[in-house]
Amino acid sequence: MGREGKNQMTADWMKLDNAAKIYPAITGSELTGVFRISVWLTSPVNLPALKKASEDASSLFPLFSVELCKGFFWYYLEYNGMAPRVMADTGPRCQPFPRTMNGELVYRVLARENIISVEFFHILTDGGGALFFLKTLLNNYFAEACGISEVPFPEVSGGPLPGSGDDMFAKIYGKGMPSPRVLPRAWHLPFQLRKPPRFRVTELELPADRLAALTRESGCTITEYLASVHLFVLQEIRHETGKGSPYIRVQVPFDLRRRYDAPTLRNFSLFAMPEIDIRMGHYTFEEILREVQITIKIMTDEKKIRQVISRNVSKEKNALIRIIPLFIKNPVLRFAYNRFGPSQFTSTITNMGRVTPEGPAADLMQAMSVTPPPPHRDIKITAGLITLGANAIITFGTITDNTELQQHYIRKLTSAGVPVKLLQ
Amino acid sequence: MAICKNCGVDLGEGNERCPLCEPSDDATGRMASPADLFRLSRNQNAKHLYEIIMLLLVSGIIITTVIDAAFGKGMGWSLLTTTCMSYLIALVSGFWFLRKKPYYMISATAVFTLLFLRFIDLLTGETEWFLTLACPLVISGAVLSAAVIYFSSFSRYRGLNLLATILVAVALFVLMTEYLTDRFRSSEFTPSWSLVAAVSLVIIAMIFIFIHYRLKRGHSLGRMFHI
Numbered sequence: 001m002g003r004e005g006k007n008q009m010t011a012d013w014m015k016l017d018n019a020a021k022i023y024p025a026i027t028g029s030e031l032t033g034v035f036r037i038s039v040w041l042t043s044p045v046n047l048p049a050l051k052k053a054s055e056d057a058s059s060l061f062p063l064f065s066v067e068l069c070k071g072f073f074w075y076y077l078e079y080n081g082m083a084p085r086v087m088a089d090t091g092p093r094c095q096p097f098p099r100t101m102n103g104e105l106v107y108r109v110l111a112r113e114n115i116i117s118v119e120f121f122h123i124l125t126d127g128g129g130a131l132f133f134l135k136t137l138l139n140n141y142f143a144e145a146c147g148i149s150e151v152p153f154p155e156v157s158g159g160p161l162p163g164s165g166d167d168m169f170a171k172i173y174g175k176g177m178p179s180p181r182v183l184p185r186a187w188h189l190p191f192q193l194r195k196p197p198r199f200r201v202t203e204l205e206l207p208a209d210r211l212a213a214l215t216r217e218s219g220c221t222i223t224e225y226l227a228s229v230h231l232f233v234l235q236e237i238r239h240e241t242g243k244g245s246p247y248i249r250v251q252v253p254f255d256l257r258r259r260y261d262a263p264t265l266r267n268f269s270l271f272a273m274p275e276i277d278i279r280m281g282h283y284t285f286e287e288i289l290r291e292v293q294i295t296i297k298i299m300t301d302e303k304k305i306r307q308v309i310s311r312n313v314s315k316e317k318n319a320l321i322r323i324i325p326l327f328i329k330n331p332v333l334r335f336a337y338n339r340f341g342p343s344q345f346t347s348t349i350t351n352m353g354r355v356t357p358e359g360p361a362a363d364l365m366q367a368m369s370v371t372p373p374p375p376h377r378d379i380k381i382t383a384g385l386i387t388l389g390a391n392a393i394i395t396f397g398t399i400t401d402n403t404e405l406q407q408h409y410i411r412k413l414t415s416a417g418v419p420v421k422l423l424q
Numbered sequence: 425m426a427i428c429k430n431c432g433v434d435l436g437e438g439n440e441r442c443p444l445c446e447p448s449d450d451a452t453g454r455m456a457s458p459a460d461l462f463r464l465s466r467n468q469n470a471k472h473l474y475e476i477i478m479l480l481l482v483s484g485i486i487i488t489t490v491i492d493a494a495f496g497k498g499m500g501w502s503l504l505t506t507t508c509m510s511y512l513i514a515l516v517s518g519f520w521f522l523r524k525k526p527y528y529m530i531s532a533t534a535v536f537t538l539l540f541l542r543f544i545d546l547l548t549g550e551t552e553w554f555l556t557l558a559c560p561l562v563i564s565g566a567v568l569s570a571a572v573i574y575f576s577s578f579s580r581y582r583g584l585n586l587l588a589t590i591l592v593a594v595a596l597f598v599l600m601t602e603y604l605t606d607r608f609r610s611s612e613f614t615p616s617w618s619l620v621a622a623v624s625l626v627i628i629a630m631i632f633i634f635i636h637y638r639l640k641r642g643h644s645l646g647r648m649f650h651i
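As given, the protein sequences belong to chains A and B, one line each in that order. Note that this note's numbering has the first sequence beginning at 1, numbered continuously upward. Note that this note's numbering has the second sequence beginning at 425, numbered continuously upward.
Errors might be hidden in some of the hints.
[Claimed, not checked] In silico BS3-like links for lysine-lysine, alpha-carbon gap of 30 angstroms or less: (1) A/K52 to B/K429; (2) A/K421 to B/K524; (3) B/K524 to B/K471.
Hints in this document: simulated from the structure, not taken from any laboratory.
Build the full structure now, drawing on both the sequences and the hints.
Shown next as structure tokens:
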């Protein structure tokens with residue numbers, strides 16, 4: 001779809017991008033593929049202003065005014081011109097979107113007390129696209145609710161740029177690239193699953209400046225540091241349980257927009273998979289950090305990125321896969337994902353980065369949080385981090401009652417000198 | 425400042441009800457005026473229709489059985505009417521109770537029809553046509569009906585495209601009918617009338633598809649069949 005603004009609509013449907021193609025086949029009531037970004041305000045949400053802001057923002061994002069439809073060979077997204085529903089945020093997070101053809105969008109705006117949230121189905125966009133929308137929504141909201149003309153996020157005030165609907169995976173794909181090596185099966189947390197509905201969250205608040213100072217001392221980025229903490233904590237639990245695969249691997253998503261200077265608002269991120277092999281002995285935190293830095297550096301190399309994208313897209317371009325009708329393709333994709341997808345890694349941690357609002361509206365926002373999609377039953381716990389001003393919030397999304405990982409995490413961070421406040 | 429007691433948002437000036445938490449009168453089904461007392465929902469209407477049909481059919485069975493018993497001194501012709509009306513009761517009940525599960529409804533209809541035809545077969549004493557003609561025709565009808573429902577589930581806008589799917593299914597059914605009747609009568613299949621009918625139906629179906637996707641909606645078929 002080639003429309004970025006109100007008047008640039010050139011087609012009224014679009015193919016799912018490469019990262020999105022798997023979601024309709026694998027998602028259900030528990031594995032929803034829905035993630036959330038929330039912002040805490042200093043005062044209760046003004047509902048009429050939020051509704052108006054939401055309508056105004058959605059008119060700038062026709063790319064998001066689409067619903068999921070079922071084709072004969074693939075699902076696709078069809079433009080329906082609707083604004084997102086503003087809903088009361090009183091139920092569980094990241095609930096699934098109805099599957100197809102019901103006139104519903106695949107994202108929603110939610111409000112509760114002083115919290116505004118947006119939830120997106122991953123078939124539409126990733127965290128980068130969702131954050132772009134939320135910033136636009138907040139620009140409009142503060143103008144409506146408080147009459148503030150100076151927008152807090154001027155970088156998005158022009159709306160989506162030309163090229164926001166581009167499927168960048170298809171553009172970067174190169175034919176004939178060798179496939180990356182197949183990773184051996186990773187160790188999985190042995191915790192028992194909670195009874196449905198399983199998904200719950202734990203949120204930790206950290207002082208962003210203290211965290212930044214700590215990472216500066218360690219000569220790494222916040223993403224690298226927290227991924228290392230994640231691996232370190234998983235190693236502790238692996239030693240305690242003493243069973244399973246020796247490979248502990250953490251999936252660390254990274255945004256590709258800046259690297260390719262791409263304004264796309266569709267999915268455009270990949271994963272680095274730092275790992276430790278516990279047969280090599282116990283790793284110190286410093287050793288893990290070095291391992292993580294090296295892996296992230298290698299995985300974010302342009303050739304490596306092209307290689308991974310080409311491997312992913314080539315599967316989609318396979319003639320046999322393309323001509324198989326959807327009713328056969330869906331169970332096959334589901335089986336393949338359950339068999340090979342979560343087996344690659346132990347857990348996930350994503351860092352959405354630092355959000356820096358400007359002007360008077362900056363004082364009206366307290367914090368932000370990102371809730372990753374409910375994890376697969378093998379993965380059990382995932383984590384997401386976002387920083388707004390002085391507050392960084394880590395959200396653990398979990399489908400188990402066991403809180404060992406979170407406890408280890410808090411201990412590790414506090415012992416490193418970062419005070420942690422448990423929000424929920 | 426009015427704050428919603430449930431979700432805690434500021435409702436804005438002059439608003440007492442939270443539109444996010446409190447559904448409107450329409451959504452709760454509350455009566456808006458006395459006239460609404462006589463407005464039945466679609467579901468209530470359907471339920472009343474089902475009850476009336478059941479009442480008529482059960483009455484019919486009782487009346488015909490009593491008349492036959494009184495004047496015919498036993499169960500004669502009333503067996504046929506009772507069988508037919510029992511079949512209708514089963515059919516209508518299947519439609520009513522399985523209305524939200526179309527595949528089950530089709531399966532139940534096929535089973536009821538097969539049982540009905542078998543019973544008629546036994547009552548009339550002619551048993552040859554059931555296995556060779558009635559049974560395959562009923563099964564092919566059920567399979568084609570299920571196929572129509574399956575393919576129509578792909579379409580968000582159902583109109584001429586649904587009609588086209590039905591026509592294609594009918595085309596296959598007429599071919600099947602001639603094949604089975606030919607085999608039943610002479611054991612040799614020579615397609616004649618069914619072929620003409622099927623080709624005509626398929627051509628009409630293609631025109632409907634073209635009108636629906638290309639002209640009426642102004643879209644290409646690409647979205648549905650992109651590979």
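Here is what the structure says about each hint:
Among the hinted pairs, A/K52 with B/K429 is consistent with the structure: their alpha-carbon atoms are about 22 angstroms apart, no more than 30 angstroms. Proposed proximity of A/K421 and B/K524 is contradicted: the alpha carbons are some 50 angstroms apart, above 30 angstroms. Distance check on the hinted pair: B/K524 and B/K471 sit about 14 angstroms apart at the alpha-carbon level, within 30 angstroms; holds.
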